[in-house]
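Asks: Chains as they are written, first to last, in our numbering: chain A, 1 to 402; chain B, 1001 to 1524.
Examples of chain B residues lying across from chain A (beta carbon under 8 Å, computed):
#, residue
1, Leu1303
2, Gly1307
3, Pro1308
4, His1309
5, His1310
6, Asp1312
7, Phe1315
8, Asn1320
9, Pro1488
To give a feel for the contact side, a few chain A residues facing chain B, derived at Cβ under 10 Å:
#, residue
10, Ala80
11, Arg84
12, Ala140
13, Phe143
14, Phe287
15, Gly289
16, Ala292
Just so you know, these hints were derived from the structure itself, not from any lab.
For glycine and all other residues, C-beta sits at the position ideal for the given N, C-alpha and C.
Each chain is listed here by its residues.
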Amino acid sequence: MIIRRNTVEARHREAVRPTPFHTRTSAACLSNEWTTWAGYTVPNVYDDMTYEYFTVRNQVGVLDISPLSKYRVRGPEAEAFMNRLLTRDARKLSPGRVAYALWCNDDGHVIDDGTVFRLGEEDFRLCCQEHQLGWLSRSALGFDVEIEDETAALGALAFQGPTSCAVLRRAGCEGIETLRPFDTRDFDLQGIAVTVSRTGFTGDLGYELWVAAADAPVLWDRLFEAGALHDPRPVGLAALDLLRLEAGFIVTNTDYVSAELALRRNRGRTPFELGLERLVDFEKGHFTGRRALLEAQRQGPRRLIVALDIEHNKPAQDALVYLGGKKQVGHITTAAWSPTCKRNIALATLEAVTARRPNPDLRVEIYVKKELKWRRLMARAKIVDRRFFDPERRRTTPPADY
Amino acid sequence: MSSSFDAVVIGAGHNGLVAGTYLAKAGRKVLVLEACGSPGGAAASEEIAPGYQVPTYAHLLFNLDPVVVRDLRLERHGLRYAKGAMATAALDRDGRHLIIGEGLEGLGGRGIAATDLSAWSDMSARLRRFAVTLAAFLAKTPPRLGSGGWDENRTLLELGWKIRRLGRDDMREFLRVVLSNVADLVEDELEDPLLQAAIAFDAVLGGWTGPRSPGTVLPLLYRLTGDSAGLPAARRLPQGGVGALTQAMAGALREAGGSLRCDARVARVRVEGDRATGVVLEDGETIAAGSVLSSIDPKRAFLELIGPHHLDAEFAQRANQIRMKGATAKLNLALSAPPLFSGLDTTQQAERLLIAPSIDDMEVAFNALKYGELPQTPPMEIVVPSLADPSIAPDGGHVLSAVVQYVPFAVKGGWDAVREDFQTSLIAQLEAYAPGLKDSVVAAQLLTPADIEERLGTSGGHWHHGELAADQMLMLRPFQGAAQYATPIDGFYLCGAGAHPGGDLMGTAGRNAARRVLRREGTT
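Excised from the complex, chain B in its bound form (with noise of 0.2 Å):
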């Protein structure tokens, strides 16, 4: 049997959805085939013990965003939120736990030196500034190096120009900063090891990099970019799950018209006279598509979907090259009993808390990382989403879901021999913070960057298909000639989060590719 479409989307996470839907919502016909048995990639839930719902993968919403949750109607579809602007909890194993407020707005909890205070205000208010100035930037496709096109160098132009109006100081301190280490951006100005640890924390979450590693302000800058109903870098938390946003999604893919595929996994791309015509199902199923798009990370989607027959040796052997060693692990519990982070009221169980002592505790767990072993406390953010939306739980349940930070993919010994143990030592981690906790354990999930490259089929386990640094980001990624959503291979393109703005659920990329694919359709 063969089948024929306008365009192909290969993967169901948020990207392969958003891009599906804007083809569809353009009138054309489109498939979108996922491997797995139901929709989502790493925005997904499931169930770990009968009533259980665990954000898989990623568990809060902070840059999704907003022009695709308008254009695709994701609140009509569904998407609502238990919790929105989320304050963070930095937690004190004494119990001085630091609260920054929403979008960075505030510090409370411990006494903090007034120095810290006012030091802190200026702060978060100049990386804000600095983030609005990369935020324009990021919505757009960025232009082709080297191609000398005027559209393409506007666009470069219009960044130059964009940090020339920061003003000179802001402009001079945005240059000084944005290809340095944050630990370094942070201990200058700042003394309260949590708060340094904290800040440091969203620029290597999910990544290969400590604190000290250097390019790590632009991670962060790239973070705060998102916003959330006004409020830069606010965590939200859907209603029903993480699963809800790419529900939502599917619903608005179904209403455009456009079709979804489950448990089709895709064997390569055809290319027939260096052009994409279609794709093949493991199962030998052939489906023609006028434009095939690719939400994988793009290193399988070159070497593995189109092999490196099709392309030229250098850009097969930078695609091979794309550093996205995954690092971040996730543990989800199921638990009898809320868990009770000493020190919190009851408001503040239910923010995003941090386990992150200082920015030295996080770099020796990042050496740790370096020679493939375990760290022995990793950072981790934590969230018990079932505080705030029950629907995941059953009665008197909840769930609580970390995300490790500085977890190896390939661990000395293997996994196999190391696995209960880590587990076992994660869970005492949030026993010291969170006394009983352990006692109420009733299934544990761990996903280790292995586990993660099996069940997403993301190289390396990586979150974000591709090291958000500067080498692998802007008309860099995922790579120089492969960066702009089209490839190499006409009707051949990309729409994950290896292609430009990058990682976390944004969508921007789905969005962008779509765009593009309509574009070069309109000019051939």
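In isolation and in its complexed conformation, chain A is listed as follows (with noise of 0.2 Å):
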């Protein structure tokens, strides 16, 4: 195996770590409200919240991704690597397409997750929330793989929203919209070299876009030139959260506690315990946490993460819930208003035997804040689907052009 660092040693002292779009996103942001994401500092919001929202929602939103961690894995050995590393079957994914995957320590305690991308048969990238160059080169041994560490090497952008395949065909993606859902492919841009992939953390149609850091700041002019009818708009990292919420998609260390920062040793989760065992398959060979895996489902999971449907318009977020008015049986670990499905929603990790009761009397314990005086609510909630917003454009090919 080959390890490749790649760390930009002197960046570490920098008080402000710039992705690939710094000059860009920072000439944009009119707020100067900035939040850090794994080392990096991105924009929390350009101008207002609610309005980059919309704009995912209602035309297109670009927001700088850069940041996610991008390891590639190549060799003979990378389909054995890989699907030894992640639960689902990494010899089902063909050059070419992408998976949404996750990844186990031995106890089954999910690591992390992210899309898995084939770029050839013996070539793979692996993009996620955290760290991960550590655990992959330890779960690298006896097995021919050279695994590198792409993060400051690429850019990337996530490209959301109904006009984002009109603007990327504009921008001279041409066959663009035959991209199906979890495909990818190349595209040269008047000279960039730009990989587009139908895949996204907001539940709508959108695409993201990878590109050697240097031709960065190009893309995003490029992007917003063609985009000059459908306007385009940046969107900061506050407004993803609440997208990706719509989606019910969760977020490491948001909604459960990676492996690898759980100190007790109960404290990870089973993909089971994420309502996730879809990504688990037992018939692909060994991979790492399946003995455990098996145990664990013989046994059941302890906590599953449920989606609620709260009554009032007051975000719930990080309030307990109980059962009955009386019996601790959980947490809320994300929690919003709604805009589009206009509904106060949350993801919450619960006890298994309330979450799998039929219709349990849940009441979860909100305060308010109202003229910094504290008022606390005891909202009824009900267990619900996890996609709270889905629509049917985020699946069609061709997408409509709007």
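Mind assembling these two chains? They're in different frames, but the hints should get you there.
Replies: The structure is reproduced here in structure tokens:
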């Protein structure tokens, strides 16, 4: 195995670690409201969070997702390595396809989830929330693979919303409309090599663009020029968090603790407890955590992530969840008022026995501050399908030309 | 051609033979596979000059499991002792040697201060009490941590109870010293440098530790748990050389109906549906088996025979990180005349001889090892087995066997460049204690840790298939998750020195592993 770290040493000492799009994002960030993501500095809000949210739902939003951890896995045993790493069958992933996948430690507890790109027979790219080079290196013992940290070398943009396809076509991505969900293809945009995948974290029609760091600013400019008619707008992380909640997507170390950070062994979460059993394939041969997961499957989950629809319109962020108003059965990890669904929605982790009860009498303890005065609400909640927002356009190929 | 067995054992060293014999005695169809041309592993003899049979690697028995000897009726299969209950002579450059009686009893030879005599009497008795506390635990399958099972926790409770039963003062002392270093232990109570070093030698023999390395008291206690005919830690010399032990074991295996095949190197264990279903030999032959037991070191067993593809990532890492850097070499000499160690009488010449002048001398030799250099005067354990057992050398000739401590696996400059000089310096070191020895050398064999790895296949050439240290003993041997003979691969077991209780010529690991296999069969 060969491990290429590619760390940009000097950057660690800078207060602001810019992404390849920083010159463009900083010019567009009117609010000066920044946040850090995996060590990088990115806008949380450019101007107005609500406006940015509606940009994605109604036209097209541009998100700088360069801080995503990106790893390239190449070599004769790349497929065998990925298959032993992931809980799903990497052999079924064809070149030109992308898959949502997760990976576990020996205890069957999820370390992180992300998207796996198959760029060639012996060529994969793994994109995820947390730094994973350590885990990937440790997993590579005995495999003929080369693992490269591409995080700093690649700029990444999420281009999401109903008009995303139309703008990309105008920008020069010929045939982009034939891309099915989870397809990935290389394009040449007047001399710039761009990989475009029909993937995203917003639950809407959308694409993600992967480009060499040096070409990143030019790509940004091209997209905005091509989209003049459709008015693409930069979108910050605050809006993304709402968008992904509506889509029912979970975030590592927000909605569940990564096994790498769990100090107590029983705090780790199995894929079953995340509601992602569809991503576990016991028939594909051995993978890390398989034996523990077989046992976990036999014992059944102890907790479950569920989606809640809560009465009133006050977001229930971090609230405790009670059964029958008394017994504490879980807590909320992400919550918001959904402007599109017009519902007060949340993701919560509940005891499995409660989560599986038919119509449990759930109450959510919400604290609301009005003019610096706190009020406590005990709001009723019911368990609903996790995909709060799931439009047909997300799946249709070719997408309608909005 | 393919064949099928209830159990296939990889490696015909003492543990492999013991495991195979127990299974065969229980009525299983057993095949023991050996990569070399003859059985024996680290308990083998070979001829290095016409008529000169040397103990190639290990040369003494001192904690051979008495239950194994009884169950396998090894004495009926030809195990005899040329010399039992050997004393130790710690050699002094000026001829004022120290004699430690068999079983740690009695000190003699050089003038020992009265304070040392009484201190040693207290200390050796105390160490033996501690060893008895540990001994019961060593014979058992260690508990699996975090399993919460009653059986597992009971074993832990029993150890706790045994420590408690030592009494308040002994318990405190046990807990105080058990993880500390052996130099502190002996320097606290004893004055004589030869005596200090002789005790320390037993704590570091075969390991990559110096007397001042943390955790060296535990291996000392572990060695004291052995007993030879009721005498704790007494050394014995098998008649006909150490190879006679494994010959007797091979006889027991045959009598029990088990088969042995030599020159059959296993390339990999066949794993189907997360279960070991047999082995594939280097020539491609497949042998199907209900259970596969490996007596080779756990690092190779997991990473080469099973392969990381069949293992969880952290598990494979733990296998890869077993500490097993060999630090022990072997010097075997064929001599045309008896070596005469000055200052020892005729009977003393045939005892176990130690060259370890002081703790500091040992530590200095260990320093060289740390940096991949050759020690100037490495500590040695010397036996002249032909004095008690003339059958292993031609008339008038003798065999000298020396275990040489603190020899690096990878030496600076490479072994080819320094091997000859090092061998000469070792013989010169012996010559200083036994004048005339050099001129009587007929043939010499130096086996470095690298040679041992090549010949026996043990990673790093480590004598114990993994350092004997607190973090790799008991329920952590060879590492957490693999410590109960059974492994995550159903049907694949560890039965060698890399499993609990560990190295030296004990046979307990082989016996425990066989019992585990039979118990597992019973439950499925």
